[in-house]
Amino acid sequence: MSLTFLLMDAPYEQARTSTAFRIVDAALRRKVGVRVFAYEGAVSLAMSGQKPHANAVHGRTLEEEAHPTPHAWVSALNELARENGVSFDWVNCGLCVDERGANEVVPCSRRGSPADFWKMNLESANTLVIPTR
Amino acid sequence: MRVLQIIEPAYRATLEEQDDTVLWFTRAIRAAGAPADVLLCGTAVNYSVRGQDAEGFRVGGWSQHHPPAIEHEINKLIESGARVAALSEDLAERGIQTDSMLPGIEVLSRKSLGGLCAQYDRIWKW
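Heads up: the sequence lines are chains A and B, in that order.
Its first residue numbered 43, the first sequence is counted upward by one per residue in this note's numbering.
Its first residue numbered 6, the second sequence is counted upward by one per residue in this note's numbering.
Honestly, the hints are just simulated from the structure, not real lab data.
Each residue gets a CB set at the ideal place from its N, CA and C atoms; glycine is no exception.
It is possible that some hints are incorrect.
Stated by the list, open to error - So the derived label-pair ranges between C-beta atoms look like this:
hint	chain 1	residue 1	chain 2	residue 2	range
1	B	111	A	54	17 to 23 Å
2	A	64	B	123	48 to 54 Å
3	B	7	A	100	46 to 52 Å
4	B	104	A	165	40 to 46 Å
5	B	126	A	152	47 to 53 Å
6	B	47	A	109	32 to 38 Å
7	B	70	A	99	43 to 49 Å
8	A	71	B	59	42 to 48 Å
9	B	58	A	157	30 to 36 Å
10	B	14	A	54	47 to 53 Å
To be verified - Short derived list, chain B residues pointing at chain A, Cβ under 7 Å:
hint	residue
11	7
12	26
13	33
14	39
15	40
16	125
17	128
18	129
19	131
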């Protein structure tokens with residue numbers, strides 16, 4: 043059994059992003075395979091160039107701050123799926139990648155198109171679209 | 006597997022994208038075999054109005070050659086066999102009369118939403 047999710051928000055903008063990752067995490071922990079189609083700004087979630095930073099306002103060093111990066115979350119979900127023996131497929135909309143120059147992504151993600159989303163949907167028990175606003 | 010795409014936000018990044026990203030996505034998945042229809046509600050009911058023209062966008066010396074053509078996109082969806090509908094209450098709130106609308110767009114009341122959704126296997130609200 044698997045579920046498909048379409049995400050649309052760019053990183054560091056909306057609570058929808060962290061909520062979506064938590065839902066995917068919960069599904070994988072219950073041994074449900076997950077397919078994610080990243081559309082528009084969401085293709086930046088998997089960009090490998092994201093870097094954590096120190097935070098002077100918090101008074102914390104780089105190591106102490108441990109700032110989250112969404113690409114690390116994508117990789118962590120992929121690892122969680124592997125540990126639980128279920129599938130995990132993260133597809134970035136190719137045209138959206140080109141528009142944003144978001145080509146450098148974590149290796150557990152791949153390039154695709156809306157046709158891939160439709161195929162993912164057909165192969166899943168259900169599909170949740172989480173659009174931007 | 007029938008799909009209903011419910012579109013509410015309108016004109017979101019349409020100048021940058023030269024399109025509405027959800028209408029574009031709907032046309033793309035239909036081309037991949039998805040029997041997807043569209044319901045316009047909220048501000049997106051304005052997509053049903055005839056004669057919209059987004060030309061004239063300029064930034065410095067750069068001008069947009071192919072502005073978004075929502076009317077064209079809606080017509081292409083209808084021509085491809087998609088059902089496109091708009092909510093009557095949301096049209097009325099915005100003063101949109103049926104004689105200003107593109108031909109082929111159904112007008113449905115909010116009361117009919119339950120029955121409409123029951124006709125589809127997937128409801129995706131954008």
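Hints and how they fare:
1. B:111 x A:54: 17 to 23 Å: violated, 40 Å
2. A:64 x B:123: 48 to 54 Å: Since residue 64 of chain A and residue 123 of chain B have Cβ atoms about 30 Å apart, the given range 48 to 54 Å is violated.
3. B:7 x A:100: 46 to 52 Å: Distance hint for residue 7 of chain B, residue 100 of chain A holds at roughly 50 Å.
4. B:104 x A:165: 40 to 46 Å: Hint holds: Cβ distance 45 Å, inside 40 to 46 Å.
5. B:126 x A:152: 47 to 53 Å: violated, 27 Å
6. B:47 x A:109: 32 to 38 Å: holds, 36 Å
7. B:70 x A:99: 43 to 49 Å: holds, 45 Å
8. A:71 x B:59: 42 to 48 Å: holds, 46 Å
9. B:58 x A:157: 30 to 36 Å: 31 Å Cβ-Cβ, so the 30 to 36 Å window holds.
10. B:14 x A:54: 47 to 53 Å: Between residue 14 of chain B and residue 54 of chain A, where Cβ atoms are some 20 Å apart, the hint is violated.
11. 7: Violated, about 12 Å.
12. 26: holds, 6 Å
13. 33: holds, 4 Å
14. 39: holds, 5 Å
15. 40: violated, 10 Å
16. 125: This interface hint is violated because 12 Å lies over the 7 Å limit.
17. 128: Residue 128 of chain B check fails; min Cβ-Cβ to chain A is 9 Å, beyond 7 Å.
18. 129: With a minimum Cβ separation of about 4 Å from chain A (threshold 7 Å), the hint on residue 129 of chain B holds.
19. 131: holds, 4 Å
Checked against the numbered hints above, the structure breaks hints 1, 2, 5, 10, 11, 15, 16, 17 and satisfies the rest.
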